[in-house]
Amino acid sequence: GAVVSQHPSWVICKSGTSVKIECRSLDFQATTMFWYRQFPKQSLMLMATSNEGSKATYEQGVEKDKFLINHASLTLSTLTVTSAHPEDSSFYICSARDPAGAVNIQYFGAGTRLSVL
Amino acid sequence: DAKTTQPNSMESNEEEPVHLPCNHSTISGTDYIHWYRQLPSQGPEYVIHGLTSNVNNRMASLAIAEDRKSSTLILHRATLRDAAVYYCILRDTGSARQLTFGSGTQLTVLP
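In order, the protein sequences belong to chains A and B. Numbering of the first sequence is given in my numbering, commencing with residue 111 and proceeding in unit increments. Numbering of the second sequence is given in my numbering, commencing with residue 585 and proceeding in unit increments.
The set of hints was computed from the structure by calculation and includes no laboratory data. There could be a bad hint or two in this list.
[To be verified] Subject to a maximum C-alpha distance of 25 Å in a straight line, what follows is the list of computed SDA-like cross-link-like pairs (lysine to any residue):
id : chain 1 : residue 1 : chain 2 : residue 2
1  : A       : K151      : B       : L664
2  : A       : K174      : B       : R681
3  : B       : K587      : A       : Q170
4  : B       : K653      : A       : N214
5  : A       : K151      : B       : P591
6  : A       : K174      : B       : A680
7  : B       : K587      : A       : G171
8  : A       : K151      : B       : I648
9  : A       : K151      : B       : N597
10 : B       : K587      : A       : T142
11 : A       : K151      : B       : T663
12 : B       : K587      : A       : Q148
13 : A       : K151      : B       : H603
14 : A       : K176      : B       : N597
15 : B       : K587      : B       : A647
16 : A       : K151      : B       : T589
17 : A       : K151      : B       : P695
18 : A       : K130      : B       : P624
19 : A       : K130      : B       : H603
20 : A       : K151      : B       : T636
21 : A       : K165      : B       : T684
22 : A       : K151      : B       : L694
23 : B       : K653      : A       : S153
24 : A       : K165      : B       : R681
25 : B       : K587      : A       : P150
26 : A       : K151      : B       : V631
27 : A       : K151      : B       : Q690
28 : A       : K151      : B       : S593
29 : B       : K587      : A       : Y168
Looking at chain A on its own, in the form it has when it is part of the complex (with noise of 0.2 Å):
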């Protein structure tokens, strides 16, 4: 199956730094890429949905300006955590779908557990 391959797997920062985490499609061109948020012993959450060359759409009650995020071409999207506090830690998912893939079938990234300080 298709690879989506996120980094880094796991930052430790102090309270008020940013954070960046990088997400890509290794082998297929992904317009739209999903953010989750997952804390422990929940479900994922949808954040926001990321669109290649436009602006992203964020659920309600996830912050825009806190959490920034970049879907500069067909391979990478970036979730920047601004501004973090250790309310903010938790572990963050991205996903795509493959367009030429078979019934929407959804590729994850292995995920990043931010725990800020």
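Fit chain B to the given chain A structure using the hints.
Relative to the frame of chain A, chain B by itself:
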């Protein structure tokens, strides 16, 4: 997307078959049944999908009820590496929207 209902948790012994149920009584005629799983500290991975007929692949089998109101994911021989949260998700044909995850079934495999 229509709602699915899964047990919160299940246990299985290693090398025995596992049947993970999913109820989707409000499924529409154009909804595919997708299964994903999430291993600890990993992103979800695709397992299998089907529409009406039973499906087999190298990872699992999917048995779909005749009325399509329920389905069962079958792992033929559970291994310790199959311990994960399994999600049953309905997807409309041609939908390009995001996957919406419920709480899934936490599968524990006992050695």
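Going down the list of hints, with the structure as the test:
1. A/K151 - B/L664: holds, 20 Å
2. A/K174 - B/R681: holds, 19 Å
3. B/K587 - A/Q170: holds, 20 Å
4. B/K653 - A/N214: Distance of about 21 Å is within 25 Å: holds.
5. A/K151 - B/P591: It holds: about 15 Å lies between the C-alpha atoms, which stays within 25 Å.
6. A/K174 - B/A680: holds, 22 Å
7. B/K587 - A/G171: Roughly 22 Å separates the two Cα atoms, so the pair holds.
8. A/K151 - B/I648: violated, 29 Å
9. A/K151 - B/N597: OK: A/K151 and B/N597 at ~23 Å, within 25 Å.
10. B/K587 - A/T142: Distance ~24 Å between B/K587 and A/T142 Cα, so the pair holds.
11. A/K151 - B/T663: holds, 22 Å
12. B/K587 - A/Q148: Answer holds: B/K587 to A/Q148 is near 20 Å, not above 25 Å.
13. A/K151 - B/H603: holds, 23 Å
14. A/K176 - B/N597: Violated - the C-alpha atoms of B/N597 and A/K176 are around 45 Å apart, more than 25 Å.
15. B/K587 - B/A647: holds, 18 Å
16. A/K151 - B/T589: holds, 18 Å
17. A/K151 - B/P695: Distance ~23 Å between A/K151 and B/P695 Cα, so the pair holds.
18. A/K130 - B/P624: Roughly 23 Å separates the two Cα atoms, so the pair holds.
19. A/K130 - B/H603: Outside the cut-off at roughly 40 Å; violated.
20. A/K151 - B/T636: The given pair, whose Cα atoms are some 33 Å apart, is violated under the 25 Å limit.
21. A/K165 - B/T684: holds, 21 Å
22. A/K151 - B/L694: holds, 20 Å
23. B/K653 - A/S153: Holds - the C-alpha atoms of A/S153 and B/K653 are around 23 Å apart, at most 25 Å.
24. A/K165 - B/R681: Between A/K165 and B/R681 the Cα gap is close to 16 Å, so the pair holds against 25 Å.
25. B/K587 - A/P150: With Cα atoms ~23 Å apart, B/K587 and A/P150 stay inside 25 Å; holds.
26. A/K151 - B/V631: Cα-Cα ~21 Å, so holds.
27. A/K151 - B/Q690: holds, 10 Å
28. A/K151 - B/S593: holds, 13 Å
29. B/K587 - A/Y168: Answer holds: B/K587 to A/Y168 is near 22 Å, not above 25 Å.
Consistency note: the structure conflicts with the earlier hints numbered 8, 14, 19 and 20.
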